[in-house]
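Using the sequences and the accompanying hints, generate a full structural model.
Chains as they are written, first to last, in my numbering: chain L, 1 to 255; chain U, 1 to 255.
Some hints here could point you the wrong way.
[Said to hold, decoys possible] One side of the interface only, derived from the structure: several residues of chain L facing chain U at Cβ under 8 Å:
| id | residue |
| --- | --- |
| 1 | R26 |
| 2 | A98 |
| 3 | I118 |
| 4 | A125 |
| 5 | A126 |
| 6 | K129 |
| 7 | T133 |
[Claimed, not checked] Listed next, the in silico DMTMM-like pairs over lysine to aspartate or glutamate satisfying Cα-Cα at most 25 Å (straight line):
| id | chain 1 | residue 1 | chain 2 | residue 2 |
| --- | --- | --- | --- | --- |
| 8 | L | K53 | L | D43 |
| 9 | L | K53 | L | D76 |
| 10 | U | K53 | U | E100 |
| 11 | L | K53 | L | E100 |
| 12 | L | K53 | L | E183 |
| 13 | U | K6 | L | D18 |
| 14 | U | K6 | L | D76 |
| 15 | U | K6 | U | E52 |
| 16 | L | K6 | L | E111 |
| 17 | L | K6 | U | D18 |
| 18 | L | K6 | U | D206 |
| 19 | U | K53 | U | E111 |
Derived by calculation from the structure, the hints in this document are not laboratory data.
We put the CB at the ideal spot given by N, CA and C, even for glycine.
Given next are the chains, with one letter for each unit.
Protein chains: 2
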Amino acid sequence: MSALGKVYLIGAGPGAADLITVRGARLLAQADVVLYDALVTPDMLELCAQAEKISVGKRSGQRSTAQAHINEQLVDCARRFRLVVRLKGGDPMLFGRADEELRALEAAGVEVEVVPGITTAVAAAAAAKQPLTKRGVARSVAFFTSSTAPDEPEHRSAGPAALPATDTMVQYMGGREAAATAERLLGLGRPADLPVVVVENCSRPDQRILRLPLSELAHGLEMAHGPVLVMIGEALRRRAQQGRDLPPAPGAYSV
Amino acid sequence: MSALGKVYLIGAGPGAADLITVRGARLLAQADVVLYDALVTPDMLELCAQAEKISVGKRSGQRSTAQAHINEQLVDCARRFRLVVRLKGGDPMLFGRADEELRALEAAGVEVEVVPGITTAVAAAAAAKQPLTKRGVARSVAFFTSSTAPDEPEHRSAGPAALPATDTMVQYMGGREAAATAERLLGLGRPADLPVVVVENCSRPDQRILRLPLSELAHGLEMAHGPVLVMIGEALRRRAQQGRDLPPAPGAYSV
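Right, here's the structure in full:
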């Protein structure tokens, strides 16, 4: 009796249904059950019309299913179904709480495979046509989250972490927290005109791209409502002949 | 006369043909011409059987087409074809020389769109089932290249750059250069047993995964022959019940 099902942790990518990998889309079409985040779009769920779908609504700043309960649901699904998909916004291995889910599944003896996804930083760079590395200018990039992300209560009292000493910096879930980052960078002597690109609702129909200098970042973020990614660094400086597609004025959103 | 063609810079991902995005695969199937890197696999090129294919063989450490010539070829193709794909290993915006190609195309008035790809770091993390961030342990990750990459001659005399001050560090094209990184990290007081995961030929049939402590990294790299990615940090520590799929002995490659 009782071969357990196999669980696939799959990265959904930034939102657009065709920015999942071919492998991810194929597995979604074969899945018996799909447990998905709030960041996964309805379009994406059409790729698994045949599957039972379970929302495990984790989303920064919103009421969310506790991680321990998600872990239990995953193990339970592996007992009841053959092909289980855990669909996560972005990539599962970056800011995805994958460690906890992998531990729970391994402890229960469930086979797991991970399918990578497009992490929002590279999708945002593509949308803005702005490379994160640049020959002679930027050969390192850091992805980080603030110390006050709602999912990380143990960090709240620890104070801010060191800022990454990389040429390009990308702050995930960088809403109000990115204003603090800007303040710290200015305090460290980074130039006021260091380029910043903010991408809201990356790859979705309501995507917005904001370009502005570091000194204006705090103000610019007041306009953002959806999930926001903040990219900072000299590599983000606008090219001379760029901008047929984006308005040139700092502070203006493009649609 | 003469609408110029449109150029798509598309990320091929780490190698496996089904780790390209659905959007990238669809565009490949529609392309009139595809200019591809040496890191793009033959399997991937089967996705564009109908297209004219031009190898622009850039590969670290091998003789490669000069970037200026690639830029010219791109503009020339946009004059001769309707749908031009520039297919790059990994993601175009990370270590992909995209800035130079975007500038050349924009200067010629050619419309460009960027389609993100799975960057090798997240594919390697998926292959090793080892998240790059981890709650309470690692909330920042840096991707970087060494100062002596063959494509960046202007860096040769500049000496080593500052190491990124992030929880997790991922060195791209990290063959011999990663040995120097290990030495510097040990000199900075990082623990000798800091976990390192080396992934060679990520996502390909000959993929190999090596786990070892920081102090043994230099020795471990002697075994590597193909493109190598080196991941360093506490988040890479093996889980207690992991390893049904990988041999536990440090220094041993898994197949």
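Right, here's what the structure says about each hint:
A hinted interface residue such as L/R26 counts as satisfied when its beta carbon comes closer than 8 Å to some beta carbon of chain U; here the least separation is about 7 Å, so the hint holds. Evaluation of the L/A98 hint against chain U yields a held restraint, the C-beta minimum of about 4 Å falling below 8 Å. Annotation: interface hint on L/I118 holds; nearest CB of chain U at approximately 5 Å, less than 8 Å. The beta carbon of L/A125 comes within 4 Å of a beta carbon in chain U, closer than 8 Å, and the hint placing it at the interface holds.
Taking 8 Å as the C-beta cut-off, the interface hint given for L/A126 holds, the closest approach to chain U being about 4 Å. Interface hint status for L/K129: upheld, as the beta-carbon distance to the closest one in chain U is roughly 6 Å, under 8 Å. Against a cut-off of 8 Å between C-beta atoms, the interface hint on L/T133 holds, since the closest Cβ of chain U lies about 5 Å away. Annotation: proposed proximity of L/K53 to L/D43 holds, straight-line Cα distance about 13 Å (limit 25 Å).
Restraint check for L/K53 and L/D76: the C-alpha separation of about 14 Å stays at or below 25 Å, so the hint holds. A distance of roughly 21 Å separates the Cα atoms of U/K53 and U/E100; the hinted pair therefore holds under the 25 Å criterion. Taking the CA atoms of L/K53 and L/E100, the gap is near 21 Å; set against the 25 Å cutoff, the hint holds. Simply put, L/K53 and L/E183 have alpha-carbon atoms about 43 Å apart, too far for the 25 Å limit, and the pair is violated.
Pair hint U/K6 plus L/D18 holds up; C-alpha atoms about 19 Å apart against a cutoff of 25 Å. Taken as a hint, the U/K6 and L/D76 pair is broken in the structure, with Cα atoms around 49 Å apart against an allowance of 25 Å. Between the alpha carbons of U/K6 and U/E52 the distance comes to roughly 15 Å, so the proposed pair stays at or under 25 Å and holds. Distance restraint check for L/K6 and L/E111: the Cα-Cα separation of roughly 5 Å lies within the 25 Å cut-off, and the hinted pair is therefore satisfied.
Our distance criterion of 25 Å between C-alpha atoms is met by L/K6 and U/D18, whose separation comes to about 19 Å. A threshold of 25 Å between alpha carbons decides the hint, and for L/K6 with U/D206 the separation of about 24 Å falls inside it, so the pair holds. Among the hinted pairs, U/K53 with U/E111 is consistent with the structure: their alpha-carbon atoms are about 20 Å apart, no more than 25 Å.
The structure fails hints 12 and 14 (numbered hints given earlier, in ascending order).
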